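Asker: Produce the complete structure using the sequences and hints provided.
Read top to bottom, the protein sequences are chains A and E.
Residue 528 in the working numbering sits at position 211 of the first sequence, and the numbers go up by one each step.
Residue 226 in the working numbering sits at position 224 of the second sequence, and the numbers go up by one each step.
Just so you know, the hints here were simulated from the structure itself, not pulled from any lab data.
Among the hints, a few may not be true.
[Claimed, not checked] Computed list of lysine to any residue pairs in SDA-like fashion (alpha-carbon distance at most 25 angstroms, straight line):
id, chain 1, residue 1, chain 2, residue 2
1, E, Lys216, E, Gln230
2, A, Lys528, E, Gln230
3, A, Lys430, E, Leu85
4, E, Lys399, E, Thr457
[What the hints assert, rightly or not] Partner residues aside, some chain E positions facing chain A, computed with beta carbon under 10 angstroms:
id, residue
5, Ile88
6, Val116
7, Ile235
All values derive from a computational prediction rather than experimental measurement.
Built from N, CA and C at the ideal position, the CB exists for glycine as well.
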Amino acid sequence: MAKGRIVAGCIAPHPPHLVYAENPDQNEPTSEGGWEQLRWGYERLRESLSEIEHDVIVILSPHWQTYVGTHFLGLENFQSLSVDPVFPNLFRYHYDLNIDVELAKQIHDNAEKAGLAVKMMENPDFRVDYGTITTGHLFNPKWDKPLVVISSNRSTDYYSAEVMQEMMIELGRITRETIEESGKKAVILASNSLSHRHFTTESEIPEDMSKEHIASHAMHLWDMRIIDYIRSGQTQRILDEMPEFIEQAIAESDGGGLSWLISALDTPDYPAILHGYGTIIGTGNAVVEWPCYKHEEESQ
Amino acid sequence: MSDGEIIGSYIVPVHPHTYLVPEQNPGWTKLREAFDEAALRIKNSEADLLIIYSTTWPSIIGHQIQADPNPEWVMVDHDFHDLGSIPYSFNIDSEFANAWNEANHQRGLKSRTVNYHGFPIDVGSVVALKLLNPDNAIPAVIVSSNVYANRSETSVMAKACLDVVRSTGRKAIAITAMSLSNRMFTENIDPADDKIHSLKDDEWNCKILELMEKGRLEDVGQLSRTIQKQIRIRKVVAFKPMWWLSAINDNRNDLTGEVLAYEAIHGAGAAVIHLDPASCGTGDKEYDEDDVEYFHGDRSVLDSNDPEATAIDEEVETIDEITTAEENGPALWEPTTVDGSVNTDSAPKPVGAYPHARRVGDLLYLSGVGPRQAVTNSIPGGPIHDEDGEPLDYDIKAQTKAVIDNIALILEEAGSSLEQVIDVTTFLVDMKRDFQGYNEVWAETLGKIGPTRTTLAIRALPTPIAVEMKVIAQLLE
Ligand SMILES: [Fe+2]
Numbered sequence: 318m319a320k321g322r323i324v325a326g327c328i329a330p331h332p333p334h335l336v337y338a339e340n341p342d343q344n345e346p347t348s349e350g351g352w353e354q355l356r357w358g359y360e361r362l363r364e365s366l367s368e369i370e371h372d373v374i375v376i377l378s379p380h381w382q383t384y385v386g387t388h389f390l391g392l393e394n395f396q397s398l399s400v401d402p403v404f405p406n407l408f409r410y411h412y413d414l415n416i417d418v419e420l421a422k423q424i425h426d427n428a429e430k431a432g433l434a435v436k437m438m439e440n441p442d443f444r445v446d447y448g449t450i451t452t453g454h455l456f457n458p459k460w461d462k463p464l465v466v467i468s469s470n471r472s473t474d475y476y477s478a479e480v481m482q483e484m485m486i487e488l489g490r491i492t493r494e495t496i497e498e499s500g501k502k503a504v505i506l507a508s509n510s511l512s513h514r515h516f517t518t519e520s521e522i523p524e525d526m527s528k529e530h531i532a533s534h535a536m537h538l539w540d541m542r543i544i545d546y547i548r549s550g551q552t553q554r555i556l557d558e559m560p561e562f563i564e565q566a567i568a569e570s571d572g573g574g575l576s577w578l579i580s581a582l583d584t585p586d587y588p589a590i591l592h593g594y595g596t597i598i599g600t601g602n603a604v605v606e607w608p609c610y611k612h613e614e615e616s617q
Numbered sequence: 003m004s005d006g007e008i009i010g011s012y013i014v015p016v017h018p019h020t021y022l023v024p025e026q027n028p029g030w031t032k033l034r035e036a037f038d039e040a041a042l043r044i045k046n047s048e049a050d051l052l053i054i055y056s057t058t059w060p061s062i063i064g065h066q067i068q069a070d071p072n073p074e075w076v077m078v079d080h081d082f083h084d085l086g087s088i089p090y091s092f093n094i095d096s097e098f099a100n101a102w103n104e105a106n107h108q109r110g111l112k113s114r115t116v117n118y119h120g121f122p123i124d125v126g127s128v129v130a131l132k133l134l135n136p137d138n139a140i141p142a143v144i145v146s147s148n149v150y151a152n153r154s155e156t157s158v159m160a161k162a163c164l165d166v167v168r169s170t171g172r173k174a175i176a177i178t179a180m181s182l183s184n185r186m187f188t189e190n191i192d193p194a195d196d197k198i199h200s201l202k203d204d205e206w207n208c209k210i211l212e213l214m215e216k217g218r219l220e221d222v223g224q225l226s227r228t229i230q231k232q233i234r235i236r237k238v239v240a241f242k243p244m245w246w247l248s249a250i251n252d253n254r255n256d257l258t259g260e261v262l263a264y265e266a267i268h269g270a271g272a273a274v275i276h277l278d279p280a281s282c283g284t285g286d287k288e289y290d291e292d293d294v295e296y297f298h299g300d301r302s303v304l305d306s307n308d309p310e311a312t313a314i315d316e317e318v319e320t321i322d323e324i325t326t327a328e329e330n331g332p333a334l335w336e337p338t339t340v341d342g343s344v345n346t347d348s349a350p351k352p353v354g355a356y357p358h359a360r361r362v363g364d365l366l367y368l369s370g371v372g373p374r375q376a377v378t379n380s381i382p383g384g385p386i387h388d389e390d391g392e393p394l395d396y397d398i399k400a401q402t403k404a405v406i407d408n409i410a411l412i413l414e415e416a417g418s419s420l421e422q423v424i425d426v427t428t429f430l431v432d433m434k435r436d437f438q439g440y441n442e443v444w445a446e447t448l449g450k451i452g453p454t455r456t457t458l459a460i461r462a463l464p465t466p467i468a469v470e471m472k473v474i475a476q477l478l479e
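Answerer: Take a look at the structure:
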């Protein structure tokens, strides 16, 4: 069996607004568009990924929040209606997605061996969180690739950002090694925003882009700082500054996705592609791709 | 109908163990028995509405209220999915939900109802309703926990709910679905090994329970931030449900409390507590914080260009009843000072060329006194309209009380006092709306002193206030 590998690593946001703005058949509410900068960013990402052969998409979503360890979706197929508990006016999406249970279980088992608390989620009535659905849809609207879905362990809340990073760096390493063992080509994806201070009011027309902007200047500065590191291949600095970023920008990477991603990519020192940046109800969001495959080719 | 009231309150734990697998641990069994006892008490009461505030339903855009008359689905917990599924079909009082939503708006809050097929009702609400209302005999409403809301917003939201309970004559039970200490074990445990996560959590939980046993709910509310810091991880920004529950119980400290059970669920502090509104006879209460009636908003981010409005400060107590000087009407004047004039820096500045009072013989004639505050020019209870003349909700009682306080300040400056007032003429801009509130405050203050009184309705006053008084008093001997 050929050695598997991670062919691309991405950061991509999941506010339901992006699916709402697109009006796909699966979503009940309809809109007049909105958040185009980010949706065009996703479009560029999809184009870029369409040129890279891959078998599976591995997602870590901060909206499946688990306090007792890290969990993995563990059944072949999930179909249901996902209604966002916070923005039910925007997101009521009928989903039908497939899981690569084999790979999920392998990562689970290896994580368990490494001493992390883990659990497979095998209850057929479980509803997949809207973060996974939103990113899954925007990433691959045809849903024709199986997913591995990893929950967000809330160790930042329980302990500290430092402890969270320790655990996520370990999980990232295990994810990489398991993918390599599996012989599969995987795209891995941290589904999260950057700065994460929301507006607490919604405009009459949610997609009214004249009302959309970053929540505060401080949030903007943090986003740009992180994006600068992303674009210049300084991912170690992102890990180093993560506790401050989380605290000061209320960053959604408190859910561990970004630390896991960077670790799974082996702390890349080459630039990522910034496909787009935009705000959603005040939060900062970037669509980013580390083109691992191309990078490997170039460096050979 | 106007005799609606909260006839009881319950605090119940959120995790699904008590519903799905109570037999797996003796503590969970005790919690389940306490749930069953609470259900029986509710059934045997006159309750016709259950109101649930759930910490496991977070919201961002204000508060959300469930308004689907018959929400049905199957709930699976994000963490404890291996314990099983909970199918539900609930009986929601959508009429009450809509009225509450409206009442929230009346009190300046952001809020909306949700009525969508498949909406995921949160685990705390599902467990509470399944166990406390097993046959769906009593209709319920559920409200979310806003992640950004602080004490004022949460308390005002409770008061809005109470407005509707009263106006619709409901006999309501208030329920908070919550943990005490909320730190769980972060690994899978054998159910037999369950205990409170740490001794410190246990000690704080016991302190809370001791206060609850004494019916001192408002004290627990006022300790909310401390409790949050000591024994809770950040799932909600503060120990908010106690703010809500205390406000909906009129911020009382003399309820009759009973702890039906206190045990651990996967490390978290889980208690079933019953608070009866019957007074237990104590009732000392010390207010460290404002009792806010109306929410003026704290973050008009969408509409404001003011960078201050977008500043991030979770700790700032969000609300006061105060607006800034420039919003409150015409320019201010220095009081005139001809012989016999009495003026004081403690009273608000005049809006024209006149003194605060004039002394004639042993009588004092006061210029019309309103509620504005001396230095800030702010209006307690809020202005009656905004800069554009758009009407605002305001608190007539707070305004009336501020008027009387101002009168007292002027009288003291002149060497007199409130007790020496002999005649008052009161001007109200909205007799129909405000007479009752004004009259209540009067009865508790000047009414006890006994001056003659005339109350007139007028069209407007020069500043955005609802009440002004013209006073004649005697000088002290
Ligand atoms: Fe999110």
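Asker: Each hint should be assessed against the structure and marked as holding or not.
Answerer: How the hints compare with the structure:
1. E/Lys216 / E/Gln230: holds (21 angstroms)
2. A/Lys528 / E/Gln230: violated (34 angstroms)
3. A/Lys430 / E/Leu85: Status holds; Cα separation ~24 angstroms.
4. E/Lys399 / E/Thr457: holds (15 angstroms)
5. Ile88: holds (9 angstroms)
6. Val116: This hint holds: E/Val116 lies near chain A, its Cβ roughly 5 angstroms from the closest one there, short of 10 angstroms.
7. Ile235: Status holds, d = 4 angstroms.
Hint 2 from the list above is the single one not met by this structure.
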